[in-house]
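Asker: When you get a sec, could you build the whole thing from the sequences and use the hints?
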Amino acid sequence: MSLKLTPLHSAHQKLGGKLIEFGGWEMPVQYSSIVDEHRCVRRAAGIFDICHMGEVLVTGPGAEGFLNETLTNDVRKLAVGDGQYSQMCTESGGTVDDLYVYRIAPMEYLLVINASRIDVDVAWLQERICGSPHRSGVIFEDASGRLGAVAIQGPRVASFIDLLFTGPSLAGAAVDGASSLKKNQIGAWEQAGQRIWVARTGYTGEDGFEVVAPASIIEDIWTRTLAAGHTVCIQPIGLGARDTLRTEVCYPLYGHELDETTSPIEAGLGYFVSFDKGDFVGRTALLDQKTNGVKKKSAAFKMADKSAPPRPGYAIFAGGEKVGDVVSGTQSPSLSAGIGMGYVPPAIAVPGTKIEIEVRGRRFAAEIVKKPIYRKA
Amino acid sequence: MSSQVPADLRYTKSHEWVRIAGDTATVGITDHAQHELTDVVFVELPAVGRKVKAGEAVAVVESVKTASDIYSPVSGEIIAVNDAVGQDPALTNSAPYAAGHFFQVRLSASAEVDSLLTPADYSKQIGA
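Going down the list, the sequences are from chains A and B.
Take 1 as the starting number for the first sequence in the working numbering and just add one per residue.
Take 1 as the starting number for the second sequence in the working numbering and just add one per residue.
By construction, these hints were calculated from the structure, which means they are not laboratory data.
Just so we're clear, the structure is a prediction, and the values are computed from it rather than from any experiment.
All C-beta atoms in this analysis are idealised placements derived from N, C-alpha and C, irrespective of residue type, glycine included.
Possibly wrong hints are sitting among the right ones.
Stated by the list, open to error - Partial selection, computed: residues in chain A whose CB lies under 8 Å from chain B: (1) Val-29; (2) Ser-33; (3) Gly-240; (4) Ala-308; (5) Pro-309; (6) Arg-311; (7) Gly-313; (8) Thr-330; (9) Gln-331; (10) Leu-335; (11) Arg-360.
What the hints assert, rightly or not - Simulated pairs of lysine-lysine, BS3-like, Cα-Cα distance not exceeding 30 Å: (12) B:Lys-124 x A:Lys-18; (13) A:Lys-4 x A:Lys-18; (14) B:Lys-124 x B:Lys-53; (15) A:Lys-183 x A:Lys-277; (16) B:Lys-51 x A:Lys-306; (17) A:Lys-77 x A:Lys-182; (18) A:Lys-183 x A:Lys-290; (19) A:Lys-14 x B:Lys-53; (20) A:Lys-322 x A:Lys-306; (21) A:Lys-370 x A:Lys-354; (22) A:Lys-14 x B:Lys-13; (23) A:Lys-277 x A:Lys-376; (24) A:Lys-18 x B:Lys-13; (25) A:Lys-354 x A:Lys-297; (26) A:Lys-302 x A:Lys-183.
Answerer: Next up, the structure:
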């Protein structure tokens, strides 16, 4: 099967990006180096191609009711122009996907979903609509093909974002410029008659924005962002640094921290499960886990001494016994130490607990730490 | 970025270099390899005294992104390892042909050297 290309593919080639396969897409893993790009985002600003991510529009008088019976979080908390993180679970509480939901108009929701889950999610949502009492009031569109997206992240981004999206917003949150958006808010601007959605969200632990726009104008937005951010030395950032940045702040990555056998309760994401909103898919199973406890729990850890970086699939030991597996692991560029996340019994998932990570048959000392592993000074 | 391929070394398809002096082979990874890996953060070296065969995985180099095996280009006994690169893995990036070398092998089959890639062969392989 040939790899899918984003609208920015030729831009990556021009910038010397090293391209790899990721979830069926050919994407840049790095341009200069993962460490260099990582530090650039922590220090100033970076731009990421996230066109591979999926966008779904759920519209109509039944949209709110349908989403609330399908997702874990409560969309009724969203004013127009607000976004929230949520999960979509199976009846047994496993995670179909984790996603962002934005209420972009009174009866219109934009869902941003994982690249690797687009086909599964679309099928899941469509099937759910057919079985929903709200089905006559729901219009569903998988807009993943016609929309692209970039993330512009870092502490200096707010200093130039208004150059890109000028003047008051045209829809969503009513603000005078993108820099006036609050965290999790979304607003709309236009370029040559095309609508651009700008949200103050991201996947790096830094301030920043995610921009969703028609695929046809994504390269123009990319180029204009690199030009506008030139004064703060903005750089293009690959998937390598995207992974180290999100791991340091313990954001889950579907297929690692989350899958269909892992619930948001086990993943430590219970905050995004609203039990008081009425019934939703997975509620019974998740409430049982919340009430009676779980067998495995996500924990963050940091290597104690100089060691090989932990990697997904490595075994976690405590008291001489294997207690779990690493699901994400890397060398933290900010801490210059091996860090990661894994699933262990709840009694082990307590900050301060000494564990060991087995690397090629040798065990290295590590310690469970509080999330996030990295916190800005 | 063009990579250095020193003329006095021999090479492997898996991007190790070999410097022969008498019956001793010094081994490291090439400039091209360190460019590809970027940001080497850990190097695991073999035990001194270990007998190795040509093509055997004997060391591991880890970048932020991945772990890669390093293969001994020649057969023989590991007679020394470069502890400096174990302590400071970034030497692999900054000085791949000198301070960033990995280990030394006392050759047990010196004819193997003739089958290693020449600088011209290796340059061709990496498109340099």
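Asker: None of the hints should be skipped; say for each whether it holds.
Answerer: Comparing the hints with the structure gives:
| no. | hint | verdict |
| --- | --- | --- |
| 1 | Val-29 | holds, 7 Å |
| 2 | Ser-33 | holds, 4 Å |
| 3 | Gly-240 | holds, 5 Å |
| 4 | Ala-308 | holds, 5 Å |
| 5 | Pro-309 | holds, 6 Å |
| 6 | Arg-311 | holds, 7 Å |
| 7 | Gly-313 | violated, 11 Å |
| 8 | Thr-330 | holds, 6 Å |
| 9 | Gln-331 | holds, 4 Å |
| 10 | Leu-335 | violated, 12 Å |
| 11 | Arg-360 | holds, 7 Å |
| 12 | B:Lys-124 x A:Lys-18 | holds, 20 Å |
| 13 | A:Lys-4 x A:Lys-18 | holds, 16 Å |
| 14 | B:Lys-124 x B:Lys-53 | holds, 26 Å |
| 15 | A:Lys-183 x A:Lys-277 | holds, 23 Å |
| 16 | B:Lys-51 x A:Lys-306 | holds, 27 Å |
| 17 | A:Lys-77 x A:Lys-182 | holds, 16 Å |
| 18 | A:Lys-183 x A:Lys-290 | holds, 28 Å |
| 19 | A:Lys-14 x B:Lys-53 | violated, 42 Å |
| 20 | A:Lys-322 x A:Lys-306 | holds, 22 Å |
| 21 | A:Lys-370 x A:Lys-354 | holds, 13 Å |
| 22 | A:Lys-14 x B:Lys-13 | holds, 28 Å |
| 23 | A:Lys-277 x A:Lys-376 | violated, 34 Å |
| 24 | A:Lys-18 x B:Lys-13 | holds, 20 Å |
| 25 | A:Lys-354 x A:Lys-297 | holds, 16 Å |
| 26 | A:Lys-302 x A:Lys-183 | holds, 29 Å |
Of the numbered hints stated above, those contradicted by the structure are hints 7, 10, 19 and 23, listed in ascending order.
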